[in-house]
Amino acid sequence: MIYPQSFDEKTGFAAVREMVAGLCISSLGREHVSAMKFLTGFEDIDLRLNQTEEFRHILLFADNFPLGNIGDVTPGLKKLRVEGTFMEAVELFELKRSLDTARGLINWFSGKNAESYPALTALAAMAAVPAFVRERLGALLTKEGRIKDNASPELLSIRRGIADKQASVSKRIQAIMKKAQGEGLAEPDAGVAVRDGRLVIPVNASVKRKIKGFIHDESASGKTAYIEPAEVVELNNEIRELEYAERREVHRILKEFADALRPYVDELLEVFRYLGLVDFIRAKAMFAKKVGGVKPVLSEGTVLSWKQALHPLLWLTLSREKRETVPLDIELDGENRILVISGPNAGGKSVCLQTVGLLQYMLQCGMLVPMSENSEAGIFEGIFIDIGDEQSIENDLSTYSSHLLNMKHFIRESGTRTLIMIDEFGAGTEPMIGGAIAEAILDELNRRGTWGVITTHYTNLKHFAASTPGIMNGAMMFDTGAMEPLFRLETGKPGSSFAFEIARKTGIPEEILKAASDRVGEDHINFDRHLKDIIRDKHYWDRKRKSIRQLEKKLEKDLERYEEQLGAARSERKEIVAKAKEEARTLLDTVNKQIENTIREIREAQAEKERTKAAREKVEELKGSVKDATGDISDDTVERKMEKIRAKKERIRKRKEREAGSLDAGGPGGKGDQSDSRGPGARAGAGGTGGKGGRGGEEDDRVIRAGDYVRLTGRDITGEVLEAGGKSVMVAFGNMITTVKESRLEKLSRGEARKLQKGGGSAGSSAGSSGGGAGGGRAGDTGSGAGSGMAGGTGGGSGSGVSGSTVQRIRDKKLSFKPERDVRGMRADEALDVVSRLIDDALMVGAAEVKILHGKGNGILRQIIRDYLATVPPVRSFRDEDIRFGGTGITLVELEG
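Number 565 in our numbering belongs to position 565 of the sequence shown; there are no gaps in the numbering.
Careful: at least some of the hints might be erroneous.
[Claimed, not checked] Keeping only pairs whose Cα atoms sit at most 27 Å apart, straight-line, the calculated DSS-like set for lysine-lysine is:
(1) K574 - K557
(2) K208 - K179
(3) K307 - K493
(4) K581 - K814
(5) K546 - K557
(6) K10 - K208
It is worth saying that the hints were derived from the structure and are not from the lab.
Nothing here was measured: the structure is a model prediction, and the numbers come from that model.
Can you build the whole structure from these sequences, using the hints too?
Given below as structure tokens:
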């Protein structure tokens, strides 16, 4: 229920309705705007809000929405229900265009957009364009809306006859016109004209009788007469007869079409109802877009918890004036249902009241409202408002009397689902009596569980609100420094009218204000002063909070800027690290080349001990550079490692300069007993120590060194030692490099290794070409010295036989290695190939365990894989995974460490 009848005008909804109607593109949409009414059902309101919200989304984000022409031909359709009636061609053309629009809308919502716009899709389902009607209209009308010539054979014949005769008339009258101009009867620049649908020639009025024919018209000045020559009168008459025949044939065709259309009238009216609703919803969405309307959280109960609410008309007005509108925050709930607002005049009390009334009414009419989306709004069964002056001379009503009549209605009709709004409660009569009556009415409304917003200046109502459950005070804030209202509502305390301050600002003499203060009394002055102190303090802390919020925003921006700068610094750091790695790789390549050159020098020098010793020291320096360059290059250590590499490179350069002229062909050589050029001393030399290489007789042949050939204990698989020292040894078994405990290896001579390789026991080692030592010295020497024999190939000087590219490959493999493979669904040969590569990669990166996921099935693939694993030397053992994590479907493989 809405009260009073002038509710729309009092709240401003009449202006809102007019604006929405102006946004419609059809009379059908405007009819829906006029019929828009207050709803109380939750589902009805929610549906209309959802429809409008979805259309608002379309306006914001959809580029191809097919909203075309919407014409209102419903009167003509309704007329068709009567036999013998028909629609004119222009109406049918409007019908065709509107049906095309409806079909486009229905298809748009039934396609890929259906899921995004469920409420509008459901609305589209109510309408269907009859295919028969659409096809018949397409066959009947041209693109310009004219009945097609081939609509019937008779019409085609008539129109051809008209065209032929019009051509004859035109040809004949042009000849007459030319002749008249030649005789001076018509102006040289004159042309054939049309009057009353007939072709005529303009001639000078003074000689009009020289041309036989009928005068149809004269110019305004009377100097020109428009004559239809007698020679073409008969032809024009024939054309007129054919036009009458054309009209009769068209009417016959339209009646025939109307008979075919008549069964579809109800369906077509439903389509136009749909089009009108779409236009109406679109207009509501456009208004919402204009004022920032949204759908708040809708509750079936009675609640009013709004944030940042705006009066749309006030916002539009102030926006045009480039002024800011202060939003309204208000909350009413079961504990505080009625808000009593007090404060200064022109401070915004009435605007708050009107905002609540207008927005709640808009919401329950299915319109989006300008407030924060996380606001919560309930549903009321009635909204009553008492605002403005309803005095009437005719009805003998004063302002106060009309106010009391409204209160009578409020008391009689209000309940727990009623929202009331009363402006200047109690005003219009003697203040003490008016205040007492207002307090009693407020008490009754509160007892009935009514919800409402009330504005007042009466102190007794402020006290009553402060002491009565269900009612709370609210104050419109006032800047006492600038002496101007802030238009901001604060709930929980009453407001002061600031009457003395405003009077003082307007220039009322101070003695008069003092006299007024004495008349009011000290108690009232103290109460008002107390209210002003509260408001002043509140205003102070509000400014503080605003300042804090601004600082927080600044801090957030600074933090965001810092994070951006940090991200940029990290990116720059990555670039630096990448560049450092590239420098390391370049240096590594250079050092490897220098190592190879140095080894070549050692070969060439052979017994030239001092020169060989210097070359070996150079190898040691270069080897240190290699280790630094190929070590783990992390973000935290790259700069330090690069600095060490550069320093060592500089030391090498200085040593070369210092010793460039000191190396000679001789020097103290070793004199060890070297009956075998591949003695232990050779291995020491191969290790790049540059030390006591000729003391082979004193060394233990069982010690494994870099360059030695070895085999796994108990197996006939040979390999070459790449690095030795400690309990573990790096061995190359063919192309597979792994680390093995020294206790599991047997040292072999070159002959034994070759013999096993020929017998099939080799793991594919290419030891003869990839390893090598530095030789063992000349036979017969007894001293210690660096021998010269190279046990094969060119790779020996570094002691490891591993190039920088190999180390880099191992490092890269470590980064990308994953210790598990899934071979389910593979053939046996494919699965074994995957397992073999997994074992090779695991050994290369030093992984202790890998996992093979083969599935359970009938167990064949599992058995084949395990049979293969039993033949692989580096596999220590294998077992099933824990039953919780796959059991017999997964094999865990433990590798030699």
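* Which earlier hints turn out false for this structure, listed by number in ascending order? -> 6
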